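Asker: Could you put together the complete structure from these sequences and hints?
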Amino acid sequence: QFFGHIVRGEPIKLVDGGSQRRTFTFIDDGIDALMTIIENPGGVASGRIYNIGNPANDCSVRELATMMLELAKRYPEYRATRHRCASSR
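Here the sequence shown is numbered in the working numbering, starting from 35 and rising by one per residue.
Derived by calculation from the structure, the hints in this document are not laboratory data. Quick caveat, the model's predicted, so the values are computed rather than measured. Fair warning: there could be bad hints in the mix.
As the list claims (entries may be wrong) - Derived Cβ-Cβ restraints for the label pairs, each shown as a range:
id	residue 1	residue 2	range
1	Leu105	Ser53	20 to 30 Å
2	Gly77	Ala106	21 to 31 Å
3	Ser80	Arg56	50 to 60 Å
4	Thr115	Asn74	40 to 50 Å
5	Glu44	Arg113	18 to 28 Å
Just so you know, even glycine gets a beta-carbon here, dropped at the ideal spot from N, CA and C.
Answerer: Laid out in structure tokens, this is it:
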């Protein structure tokens, strides 16, 4: 939702001021963990719960929103252009 609000220039709504904390992981690491759990070598993953968040990437929801707002300032806005196929020249 943050991204949608940022793109549309709308205010971001934070529950309890965004004080909740979350841990994040790189997508590649998350996929690797998920694939290992799905493959379930030796049956060790059966009936278990896994937290694959990275405690080194702990931040509050407010901090995440602030980071996203700062990143959005660095990228230009794009407008629609007419698409021309190479064969139509």
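Asker: For every hint, state whether the structure bears it out.
Answerer: Structure-based check of all given hints:
1. About 21 Å separates the C-beta atoms of leucine 105 and serine 53, a value consistent with the hinted range of 20 to 30 Å.
2. Checked against the hint of 21 to 31 Å, the pair glycine 77 and alanine 106 fails, with Cβ atoms roughly 45 Å apart.
3. A hinted range of 50 to 60 Å for the beta carbons of serine 80 and arginine 56 is inconsistent with their spacing of about 27 Å.
4. Restraint check, threonine 115 to asparagine 74: a C-beta distance of roughly 48 Å satisfies the suggested window 40 to 50 Å.
5. For glutamate 44 and arginine 113, the Cβ-Cβ distance of about 19 Å falls inside the hinted range of 18 to 28 Å, so the restraint holds.
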